[in-house]
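Chains as they are written, first to last, in full-length UniProt numbering: chain A, 1 to 146; chain B, 1 to 146; chain C, 1 to 146; chain D, 1 to 146; chain E, 1 to 146; chain F, 1 to 146; chain G, 1 to 146; chain H, 1 to 146; chain I, 1 to 146; chain J, 1 to 146.
Not everything, but these chain F residues come out facing chain D in the computed CB check (under 8 angstroms):
1) A78
2) T81
3) D82
4) P83
No lab work stands behind these hints: they were computed from the structure.
All figures in this text were calculated on a predicted structure; none of them were measured in a lab.
Where is the CB? At the ideal position from N, CA and C, for every residue including glycine.
There are 10 protein chains.
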Amino acid sequence: MNKETMTDTIVSAKQKLGLTWEKMAVDLNMSPVWLASACLGMNSAPQEKATAIASYLGLDDSVAAALAAFPTKIWDQAVPTDPLIYRLYEVVGVYGDTLKEVIQEKFGDGIMSAIDFSMEVDKIEDPKGDRVLLTLNGKFLPYKSW
Amino acid sequence: MNKETMTDTIVSAKQKLGLTWEKMAVDLNMSPVWLASACLGMNSAPQEKATAIASYLGLDDSVAAALAAFPTKIWDQAVPTDPLIYRLYEVVGVYGDTLKEVIQEKFGDGIMSAIDFSMEVDKIEDPKGDRVLLTLNGKFLPYKSW
Amino acid sequence: MNKETMTDTIVSAKQKLGLTWEKMAVDLNMSPVWLASACLGMNSAPQEKATAIASYLGLDDSVAAALAAFPTKIWDQAVPTDPLIYRLYEVVGVYGDTLKEVIQEKFGDGIMSAIDFSMEVDKIEDPKGDRVLLTLNGKFLPYKSW
Amino acid sequence: MNKETMTDTIVSAKQKLGLTWEKMAVDLNMSPVWLASACLGMNSAPQEKATAIASYLGLDDSVAAALAAFPTKIWDQAVPTDPLIYRLYEVVGVYGDTLKEVIQEKFGDGIMSAIDFSMEVDKIEDPKGDRVLLTLNGKFLPYKSW
Amino acid sequence: MNKETMTDTIVSAKQKLGLTWEKMAVDLNMSPVWLASACLGMNSAPQEKATAIASYLGLDDSVAAALAAFPTKIWDQAVPTDPLIYRLYEVVGVYGDTLKEVIQEKFGDGIMSAIDFSMEVDKIEDPKGDRVLLTLNGKFLPYKSW
Amino acid sequence: MNKETMTDTIVSAKQKLGLTWEKMAVDLNMSPVWLASACLGMNSAPQEKATAIASYLGLDDSVAAALAAFPTKIWDQAVPTDPLIYRLYEVVGVYGDTLKEVIQEKFGDGIMSAIDFSMEVDKIEDPKGDRVLLTLNGKFLPYKSW
Amino acid sequence: MNKETMTDTIVSAKQKLGLTWEKMAVDLNMSPVWLASACLGMNSAPQEKATAIASYLGLDDSVAAALAAFPTKIWDQAVPTDPLIYRLYEVVGVYGDTLKEVIQEKFGDGIMSAIDFSMEVDKIEDPKGDRVLLTLNGKFLPYKSW
Amino acid sequence: MNKETMTDTIVSAKQKLGLTWEKMAVDLNMSPVWLASACLGMNSAPQEKATAIASYLGLDDSVAAALAAFPTKIWDQAVPTDPLIYRLYEVVGVYGDTLKEVIQEKFGDGIMSAIDFSMEVDKIEDPKGDRVLLTLNGKFLPYKSW
Amino acid sequence: MNKETMTDTIVSAKQKLGLTWEKMAVDLNMSPVWLASACLGMNSAPQEKATAIASYLGLDDSVAAALAAFPTKIWDQAVPTDPLIYRLYEVVGVYGDTLKEVIQEKFGDGIMSAIDFSMEVDKIEDPKGDRVLLTLNGKFLPYKSW
Amino acid sequence: MNKETMTDTIVSAKQKLGLTWEKMAVDLNMSPVWLASACLGMNSAPQEKATAIASYLGLDDSVAAALAAFPTKIWDQAVPTDPLIYRLYEVVGVYGDTLKEVIQEKFGDGIMSAIDFSMEVDKIEDPKGDRVLLTLNGKFLPYKSW
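My request is simple: use the sequences and hints to build the entire structure.
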């Protein structure tokens, strides 16, 4: 079973069971962002978690195997047009140089890892309009000289 | 004075005074990310803040005027090659669809604003390697029908 | 039912019933532009409107569900070649900087929202040739500092 | 004098005189959008209007000649990144096919001219946040067969 | 019936009947260029002409309906590689600025319409090698000020 | 003297003398299109014509030499945005396949040369709006087999 | 039968008969390069040659008809990645300006035709490593003035 | 002295001395194509040849040093628009797959080197129009397995 | 059997037999990198090795024939997004000019062949985190003059 | 002093002193690849090494400061045309998927770091032609789940 079929199977089971990523994540003791990303095929799940997810949704071992497979992460290098996703690119475009300045001032020459990395989404209720809070957490990797 | 000259003037004064964005931000009671972004010319500063920044650095009114001017925000639509900035694009590329799923499940059909928006950078010390914490905070805007 | 099938189903029913977007919009008390955009899959319909549209066309609940689903808005970033659509891009290309000047002079630093937004099409009859009147109405969103 | 120098000269005079496009447009009995677009070099001004604009700003005949010259209209075919301008492209991208449907249903096979065309910007005050109103008015041109 | 199927149906009938665009055009009293372009799906035919074409080829009403439908004109924005078509782009590339100079000198600031437009192909016999004569005829549209 | 300087020199002399391409072409017994194209640097002039043009404008031998030099013809492969030039691309885009059909039906497998080629611009006066007539004349070149 | 099916049919017959382009070319008295290019669908064959090729391979008239059809020559404008083909582009990229210098010095302002054109491939045996010899032969076409 | 200045210096000396690449090549006992390519900066000259070229043109050692420097070979990856150079790309585009077929049939899996490579231009006089003969000669390099 | 089907067949057999590229390579006395690349269809296998691979996996002669066929090597010219592959491009991007400096200083003007080439992957165990060692070995090819 | 000026200054001093990267690297006890990359501005040097390099070349503190500055690493995302650098891209293009297979089989799901990374160039003398040996050494970073 490839990742595309796996995602269709999982999303379909999730809809039939009336679940949300949030509810699944709480029940499975995982982060909603990581869980959704593994189910959309953009991250591999360790074997134990793969089995837990498939079993929770009443799906068989081929789904667990597909969750555990190492993905080839393909995403459009053209900036996406969907407004929700575009706004994220806009943030990175507008603030990219600023973040380089502030992070490297704080940490030295290096990068924030996108591999040793996690992310969360929270909702801040506000009478003037609720707010989305995204938290990105990545290991700092310094350049080496040799 | 245009934004490029303004940035050169500010960065040069900052280096001569041995300042960091962090120190400036604390002294001026602003966020380091917003302050750096205004000084790099990607955001306009309200008049009062513009004057405070210029005055703090011992620079004249033309710098304050340039800080207050409304910028045209131009950034490369080709994905940047600098590794620190590229990793941010990679995060948005890998997790874009996941964030759409999780945010819209939580908030309904709409977007996280990149206009009514703020962002912070923090350092989490860790013996296995320090970690970068980015916090993005944007107002949720629902689509309307008519 | 995905958005593509939904659009095919709706357009086919509309043709069989000899309807126009205008007539449907009047009968359903919606805007023709918004109605067409929801039926073409570029906007989600609130549940009540989704049900009203499907029912009006004699279509079943799966169509209503598809109308209510949150779309991923994908459009060609290459400038389209169809002459009607190209002329709209030409207007935005030729007048983009002008609109930035005039809007920000009137409102301050910020943008016209494309989310909290509506649009209408009208016909102005004219013996020298009828004219198309497009009206775009979007909330002004000011940048914040922090 | 080429169009770039003309624009710099006009914008500089306008700033020194403390004028806005709106005030100039009222005094000169022209539309603010058209006036700004001619001064930014994206439209030619008829000789009489060119002379009136230059004279109003206390500028000489070379500015009037530059205003009257026929421009080569060059704009980025890559979608611009400035958020105000990008939102206009997003509107055209999201609603392009919808507008083709609704306009051609109303007028027949043809286009809205971007040449025999005018546009206005208005402000609608609203306690929940002011709104921008853009009005585009273009002649309908039917295709011919032969 | 969509435009692609229509074109296949027409081209197939034309081949079986041993017709040329030229012969069809003479018999139907239309221009060969316009006729071919309508049959290739790049222009809509007025109802009467659509019926005449379908009937001439012994095809049914669904073909006539497809001929009358308003097309979405899609063509590659990358310069085509077929040598016959490329040479046309080369002509426009090499002579574009020249044509702007000569046309606007003759007519004022404006454009040659590609909507209110017709075109013919003729053959000039010549012992040193026959020549292709293309004639393009478009209405001049002046820019307006407002 | 390179082609850019040559063009500036010629255009400047032409303006001072109050000439048009048309008037120059009549006086020099050349086509206005070819003359403008040579003066804009997109074609080389045979030595005799180069000398005649320079002499007519009161310019020296270095201009004649630059007119006679073989140009490197560079033009944007991205479709140009100026509306007059864009409409020419639109014509080629919309009618490219049609012209291939009609020309190859008339002449066999081959192309219309863009090298052994000439072009004219004429004005057709019309009370409903004047029309632009472009005439392209190129040698037909058949493919060979070997 | 379209060109793709024709190529598949021919290549399959060639493999079953254990033929090479070279052997076929010798037997049919054609050039191997031209023969392969016609069979790959990038050139049309005159009727007589088309019949000879099809008959030699034991294929029927529909193959001969497809060989005789006028092709639309489509090739990737992005530089191909296959190393053999890329090296040809590299040669044209590195030596393009050089060839323009040397050819136009020898022949005057004009081009080498790619239409009235032929090409051969030969093998030069060499103990230090065999060498590929490509010979391109195209008619020189001078530009005309008018 | 960089390669650009070197080329300008050499081309200027060559014009003053009334030389052609052909004459220089005969006198210096080099190929005209290689000589032009070294002087245009796309190949390095062995020290002895570099000295001979500079000395022949009456230029000093800095030109010889620049001729001997290893170039960075940069050429447009977008297909060039100059008609002479474009036709070369068209040949490679149209015949690329054909050449792969014919060369690999003759030599096995591998490529024609563009490094261990030479090229010549010849003129074939012909009453129906002279012909350009290009000869490319490259070492065949087989792939290895390991 | 084409290369895609061959790869699917081989990968499927490999999974059923519980093999790794490493184990296969040791048993077949080939390099794991070369073996994987031949099985993924990016290199041809000499007949003997092709037969050995197919036979080892219990697959028939059509797989061996497909392994021996000469591939057309197609790879995305847009930089890939998968993080493992992207990091390799980043290395080449960041160090490309450096490698040109260091290699040409050591070897003279020329290139490292990607045809007469081999590559290995090794693992260096390290308590602070294992390391990947890539070794690339290519013949140096000097440019020739002529 | 910015990185470009720094590189020019260093390369110029290196040429005057008749040094090679290899000799400098041995004397300074650094790797030639890293040293060249720092001097070309693509890596920052730790303060001590920066001072040692500047001092070795007889250059002042501003060069040392520029060497220590954190670079913005910019490289062409279009595949470069210089043959030496292109061959490196070709290797990554042809073997990218193979390396992903072989590395992830050996190490699990993750990447080879381009940050915690070093590289060397060696020469293998060989009577059939010397060979270039590139050695890349990067830390393996496993993905995390959360």
